[in-house]
Amino acid sequence: MHRLRALLLKDLTLFLRGAGLVALLLPFLLLLFFAKEKESLLSDVTLKPFPIAIRDEDETYMSRTLIHMVGEVELFSKVDVVKEESDAELFAKGYAAVTTIPKDFFYEMYVSDKRPALLSLNEGMPLQATLYRAVFTSVMDVIRMEEAAHYGMYFFVYGKLSRQQKIDAYNETSENLFLDILGRQQVFDSDLLHSDAPSSDLRRLVSILLSVVTVLFLTGFLSSVPEERKKRILPRFVALGGNPFYFALSRYLLFLLFLTPILIAVCLLAVQVGRLFLFLCLLVPVSAVFLAFSALGLYVSGARMMRRVGSVYLLFSLILSGTIWPLRGLPVWMSYLQRLTLPDQFRMILEMPTLTESGREMIPFLLVHLFLFLFGWMLPHFHRHQEEERKREKGRSTFQNRAEVAENLQTERGVNRAEVAENAQTERGMNCAEVAENAQTIAEEDRPKGRTKALFRGCLLTLSKLRLIAGRRREAGGMILVLLLCGFLTAFLQKGEGREIHLLIWDEDQTQRSAELVERMTKVDGLRVSLKNRKEAEGERKRDLITGDAEGMLVIPGGYGRAIVTGKDARLHFESKASSFSNQGLREIIAGQNNILKAEARARLEAQKRLSHPLSEQENHDLSQWMKREESTFPPLYKIETEKETEPEGRLKDPFAPDSFHFAIFGVMILLFAEAEVFASVDHRRVERRMRACPQGVFVMRFSDLAALVLTGGVVLLCFLLPGQAVFQRFVPVLLFLIILASLALLLAYRSKNAGRNGAVAPYLALLLGLGGGCFTDVSAFSGLLGKVYPFLPSGALFGAVSGQQAGGETALLVLVMQSMFFIGILGVSCFRSKR
8 MHRLRALLLK
18 DLTLFLRGAG
28 LVALLLPFLL
38 LLFFAKEKES
48 LLSDVTLKPF
58 PIAIRDEDET
68 YMSRTLIHMV
78 GEVELFSKVD
88 VVKEESDAEL
98 FAKGYAAVTT
108 IPKDFFYEMY
118 VSDKRPALLS
128 LNEGMPLQAT
138 LYRAVFTSVM
148 DVIRMEEAAH
158 YGMYFFVYGK
168 LSRQQKIDAY
178 NETSENLFLD
188 ILGRQQVFDS
198 DLLHSDAPSS
208 DLRRLVSILL
218 SVVTVLFLTG
228 FLSSVPEERK
238 KRILPRFVAL
248 GGNPFYFALS
258 RYLLFLLFLT
268 PILIAVCLLA
278 VQVGRLFLFL
288 CLLVPVSAVF
298 LAFSALGLYV
308 SGARMMRRVG
318 SVYLLFSLIL
328 SGTIWPLRGL
338 PVWMSYLQRL
348 TLPDQFRMIL
358 EMPTLTESGR
368 EMIPFLLVHL
378 FLFLFGWMLP
388 HFHRHQEEER
398 KREKGRSTFQ
408 NRAEVAENLQ
418 TERGVNRAEV
428 AENAQTERGM
438 NCAEVAENAQ
448 TIAEEDRPKG
458 RTKALFRGCL
468 LTLSKLRLIA
478 GRRREAGGMI
488 LVLLLCGFLT
498 AFLQKGEGRE
508 IHLLIWDEDQ
518 TQRSAELVER
528 MTKVDGLRVS
538 LKNRKEAEGE
548 RKRDLITGDA
558 EGMLVIPGGY
568 GRAIVTGKDA
578 RLHFESKASS
588 FSNQGLREII
598 AGQNNILKAE
608 ARARLEAQKR
618 LSHPLSEQEN
628 HDLSQWMKRE
638 ESTFPPLYKI
648 ETEKETEPEG
658 RLKDPFAPDS
668 FHFAIFGVMI
678 LLFAEAEVFA
688 SVDHRRVERR
698 MRACPQGVFV
708 MRFSDLAALV
718 LTGGVVLLCF
728 LLPGQAVFQR
738 FVPVLLFLII
748 LASLALLLAY
758 RSKNAGRNGA
768 VAPYLALLLG
778 LGGGCFTDVS
788 AFSGLLGKVY
798 PFLPSGALFG
808 AVSGQQAGGE
818 TALLVLVMQS
828 MFFIGILGVS
838 CFRSKR
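So the sequence shown is residues 8 to 843, counted in my numbering.
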């Protein structure tokens with residue numbers, strides 16, 4: 008047991024020496040922030056009432072009635088009638104949208120093609136404007152279908168209509184029209200504003216952050232394994248009588264010791280009652296990932312490569328987990344990889360904290376990681392066994408002469424020395440002597456006679472450091488291919504987000520009306536419907552809803568068709584784990600199609616009443632044809648305007664969902680901070696000391712470091728964005744952001760006493776900048792601390808500058824310029840105070 012204590016003390020010392028205490032405090036600060044801002048975050052991702060304005064040019068009983076009834080909708084906090092103010096003035100006061108009802112709109116839309124109603128949207132409030140647009144278009148579509156059905160009934164009964172008959176139709180349908188419009192959401196048996204969507208969004212964000220923290224902790228604890236392997240510490244420990252199992256157990260115990268408080272805090276933040284069981288479930292995937300990474304540590308060449316592999320694993324896990332973008336459109340075999348990612352496991356545990364559901368979800372994940380662990384531990388033994396067999400096949404005699412033994416021993420020592428030298432070169436990415444030689448060449452040359460010569464020397468140093476960061480050619484080429492694959496996946500998933508909404512439907516009614524509702528839903532543009540059977544697995548239904556493969560589930564209960572035919576109130580059950588935006592959009596689509604069925608059924612009942620006999624099959628067919636004819640010829644009722652000249656095509660995406668550019672910036676931050684570790688190494692300090700002999704040597708040295716990191720960040724960003732986004736249009740803000748990020752990473756590296764300390768702290772700094780800057784979810788509209796800090800963070804200022812919304816883009820660009828000048832100034836001052 009004393010040997011295990013010695014190992015625990017050794018691992019704890021190594022972790023704390025590498026700024027492990029600071030790396031431990033940063034996640035706690037993050038969790039304290041979540042505990043403090045939990046209510047604010049929940050309210051920010053919850054659908055909150057917002058104000059709208061209506062410009063009433065009609066000033067009739069119908070328009071006043073509509074305004075009064077709109078004011079009773081709980082989605083709108085305030086509905087003001089305005090006259091003189093312009094749209095820009097109203098947007099500045101915080102109104103999400105302005106609706107203009109033209110003169111004689113309600114009267115003329117029945118008898119002529121008068122100008123349509125005008126809807127102006129405030130792009131400074133994207134979520135609220137998009138929601139009101141969904142409600143407004145749904146209302147106008149209900150008006151169009153209601154009037155088309157009633158007009159079709161009038162034409163079917165009376166034939167050609169006179170002007171007076173059109174006015175009569177207008178008077179008869181107005182009351183039903185308003186009741187249908189304002190009561191369209193009453194068809195659901197659940198309320199949108201009290202749905203589980205906000206809590207689901209928060210759990211999604213917590214699963215992302217917990218995955219990032221877990222992988223960063225793992226790479227921090229296991230980064231010393233390659234160095235210990237080269238120094239053959241484990242064989243020495245075994246030779247002294249130690250158990251090799253203790254080596255892995257000590258790291259696992261310390262890993263749990265530091266991660267357990269974070270898991271406990273996550274369980275306390277969760278709303279489930281079984282928090283102890285939730286904690287045990289969270290430990291299972293964490294332990295599986297530890298086993299896989301501990302086996303990986305036997306093969307990577309060094310600590311920096313260990314962190315690089317961990318960063319790549321993290322990026323792929325976030326992309327393929329479905330926590331950032333739903334995996335719609337991916338091949339089926341690739342969507343199965345979702346179950347093998349750590350964020351997906353955390354989210355399933357937080358969403359479905361029961362033994363049966365959580366155990367079923369974890370089985371593929373555990374099997375794959377256990378296989379990786381066994382394969383990683385058994386492969387070295389297999390190679391050792393092959394080497395022994397090869398030696399036996401050589402037929403070496405047991406009684407070898409002394410000269411042969413000495414020769415073999417000398418050969419083995421030479422091979423071992425060559426392997427050690429090669430491993431050392433792989434760890435540093437290039438031979439340190441090459442960098443020292445470049446620096447010595449600059450020191451021995453004459454004093455530069457012009458700026459061109461100094462610039463040339465700086466370029467040579469920059470290129471040599473680029474080689475140092477990239478490492479061997481195979482490593483650099485493999486990293487570029489991996490980043491290109493990440494870029495293709497993110498671009499594909501973001502485009503797939505705007506393709507179709509997937510809706511699951513259970514038809515328990517099995518009547519003609521329920522079949523008509525399903526058929527109408529399948530014909531809606533941008534909506535993909537899957538008709539399911541109640542006997543299908545409940546767990547699969549929950550997984551589809553949680554992961555976003557299906558954004559909603561509609562249950563048509565028994566008795567729905569009869570209620571529609573008889574004109575009674577029908578009820579539908581709708582369930583969704585998507586965001587409030589997607590939830591509201593789907594509810595509007597379903598409610599609109601339900602109102603169409605109600606309007607058609609009402610028209611049939613009215614036709615029977617006017618004809619004084621039940622409709623035959625042929626008469627029902629003729630009435631349907633008249634209603635379809637009126638629907639196709641009905642004039643447009645509205646026009647939508649934004650601050651842009653053209654209206655974007657297709658449905659708007661969820662404003663809370665980040666795009667691939669946001670995620671690419673997080674990838675750049677976490678990789679750039681990890682690669683900056685090389686500038687905190689002992690070899691780099693030695694080169695810098697030699698550069699002091701040159702005129703302005705430290706200045707050239709450090710700014711070549713800056714240029715190398717900026718170029719590295721640019722290459723990483725290009726690999727992410729080349730498959731699907733315009734890069735060069737954002738050149739200036741991206742360049743300023745990379746300068747800020749590289750300067751910050753270098754200052755952290757210069758202040759670190761060793762590379763391990765920089766490698767332990769820097770990834771958490773990237774996590775904090777990514778969370779506060781909106782890399783995982785759009786926080787620009789948040790009202791809490793995140794919303795206040797967002798514009799002043801480098802990533803937040805970058806996103807504000809590239810979005811160019813109103814005057815915010817110029818302000819954000821100014822923030823980037825000031826921050827870049829500030830960090831470059833600090834970097835320049837550090838050149839004169841360098842004592843490394």
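Simulated from the structure, these hints should not be mistaken for laboratory data. Hints may contain errors.
As the list claims (entries may be wrong) - Below, computed lysine-lysine pairings styled on DSS-like, alpha-carbon distance capped at 30 Å:
id: 1; residue 1: K795; residue 2: K100
id: 2; residue 1: K85; residue 2: K110
id: 3; residue 1: K646; residue 2: K635
id: 4; residue 1: K167; residue 2: K100
Just so you know, these numbers come straight off a predicted model, no measurement behind them.
Hints and how they fare:
no.: 1; hint: K795 - K100; verdict: 19 Å, holds
no.: 2; hint: K85 - K110; verdict: 23 Å, holds
no.: 3; hint: K646 - K635; verdict: 23 Å, holds
no.: 4; hint: K167 - K100; verdict: 49 Å, violated
Going through the hint list in order, the structure does not satisfy hint 4, though it satisfies all others.
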